[in-house]
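With the sequences and hints as input, model every part of the structure.
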Amino acid sequence: MPDLLAHLRKRAPDVIDVPILQPADPFLEMAGEDLRRRIFITESGDGRLNCLRPDFTIPICRGVIEKKRTGRYAYCGTVFRQNRDGSEEFLQLGLEDIGHDDRIAADATCLSDMLDCLNAAGIIEPKITLGDDLFCALIDSLALPETIAQRLQRAFGQNERLDALLDQFSSEPIGEPISQHADIPALTMRVEVMMQEAALPPMAGRSPADIAERMVQKSSIQSFRLEDHQLRIIRNYLAIKAPLTEAGAAVRAFFDTHQLGSDHLLAAFDARVEAIRARGIRLDGITFDASFGRKLEYYTGMQFEVFANGVAIGGGGRYDSLLTLLGSPTPKTGVGFSIALDRVAEALA
Amino acid sequence: MSITIAVPSKGRLKDKTLQLLERAGLPVAPPAERSYQTIVDGRSDIEIAFLSASEIARELARGTVQMGVTGEDLARETVAKPDDMFDFPVKLGFGGADVVVAVPQSWIDVSTMADLDDVAASFRARYGRRLRVATKYWQLTQTWFGEHGIGVYRIVESLGATEGAPAAGTADAIVDITSTGSTIRANHLKILDDGIILRSQANLIVSQTAPWDRDMQKLRDEVIVALNQAVESTAP
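Chains as they are written, first to last, in our numbering: chain W, 1 to 349; chain X, 1 to 236.
Be a bit skeptical, because a hint or two may be false.
Derived DEER-like restraints, expressed as beta-carbon distance ranges [stated by the list, open to error]:
#1 D102(W) to R126(X): 31 to 37 Å
#2 I240(W) to A186(X): 51 to 57 Å
#3 P202(W) to S122(X): 18 to 24 Å
#4 K14(X) to T42(W): 31 to 37 Å
#5 E147(X) to S171(W): 16 to 22 Å
#6 M203(W) to G146(X): 29 to 35 Å
#7 I240(W) to G128(X): 15 to 21 Å
#8 D87(X) to P185(W): 55 to 61 Å
#9 L21(W) to T234(X): 52 to 58 Å
The set of hints was computed from the structure by calculation and includes no laboratory data. Please read these numbers as outputs of a predicted model, since none were measured by experiment. The beta-carbon is built from N, C-alpha and C at its ideal position, and this holds for glycine as well.
Here's what the structure looks like:
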């Protein structure tokens, strides 16, 4: 295989050193406890948790925040994760483009950088599945109760879970009716007294006002049920799958038919398709899948996966929330891809 | 040819296990002083090893003992995929306790796992940190929370007095074992309506990782049948 890192560095010259041993906390904090079983954690003598780097994205973003230096970072190295197939380490190549404010251009460049890299590796016409968080806009425009909308949005990208929620929300009322007056001050006082009785430290966790507010909110959705036409809209949207040549028109027709608005997002979708086309990428190799997304909260916007000869060889997407979550004092955009080089070899074999 | 049954080395669990083995016609010969090894009286083919309850789960997973008596909670906590490593042929009818998710009673808006999911999802945005769950049951908690779609929270390891963690300010919620729920209530906590992770009790557990030949399988089946009968004859 050619020196792909050198190839990528021509397009992404910036460098951040990512040691193999990483503090575990940022990964657990961003990806949740679920990750703990899949990474290799070791405790240092003074009780700090370290892990073998499970990815490059989070360390690079932390480096960007620390050095206050956005840019285009290419990397190549071994990452360590216990995968379902039993493998524990694999070679990853990738690029993170951080702080590029023209999101549409950056999205298209990200795809073209990846395809260029795959071409250099000998993968000629890979298949790409592309998703977008238009689902969140669709849910917003249905004007559902906030709690319901957020539960659905959080489940986006996990199709079984989303299905189960849709079944639940459309079959029966969500819970037993609660006789609570929507009297936030009175509820707040009641919670305050309960917290004092329990000797809960007042500043340590949820505040009485938040609890009271959510109680009122919860009471208001007890008898909520998704209406048939809302359920149909959601399910039919999730079923949209089209080559990128037709996806924009299909999505726009769907939003128009159901009067879902979101014009600026649809315009951005079209502009991104045009930007991808302008970089000489074949649109019929890319399939838009309305149900494709990632479950972690830091992903936003475009997400994609890439296959060659039926083997998943890489993926990527936009993570505009990640830098803020990691402590960046100002919001910063981010988009990137990674390629599993062992899988590329497998696909070429 | 022989098999080894691991038996808890102390406490009520030990006493109850020895009584049950006796009723099953498998009385345990008293071990030599300071020894933790013995046999079933007159049966040199059934050895007994006294181990701590949590070691029993570990040794069963390693396959160094063929069978053992311990709590289902410990067995399911010790390994990531318990059903691939253990069989649970006999529930012994004692040592009952539930592994539960509990939150402060003052969280009047939280009565289900779905509520807890809502709270966990917005926790960081509101309070600048993740929801913290104190527990010694890492595996059970991760699996259960994962099944309920809760990913963003942190586990705080707690090896004792877990129910005191919310008042101590070290955690927001707990996953702990309880038999009557009274300690949980006394600490101003409440169990979620769908927050029972496991109804645990002492089990006869068979290691799937230990090598089993035909003679050992015979001994295993004999022990299972005898214990089953003993449990049924004492059931209320």
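Quick rundown of the hints versus the structure:
no.: 1; hint: D102(W) to R126(X): 31 to 37 Å; verdict: 32 Å, holds
no.: 2; hint: I240(W) to A186(X): 51 to 57 Å; verdict: 54 Å, holds
no.: 3; hint: P202(W) to S122(X): 18 to 24 Å; verdict: 20 Å, holds
no.: 4; hint: K14(X) to T42(W): 31 to 37 Å; verdict: 36 Å, holds
no.: 5; hint: E147(X) to S171(W): 16 to 22 Å; verdict: 20 Å, holds
no.: 6; hint: M203(W) to G146(X): 29 to 35 Å; verdict: 30 Å, holds
no.: 7; hint: I240(W) to G128(X): 15 to 21 Å; verdict: 38 Å, violated
no.: 8; hint: D87(X) to P185(W): 55 to 61 Å; verdict: 57 Å, holds
no.: 9; hint: L21(W) to T234(X): 52 to 58 Å; verdict: 55 Å, holds
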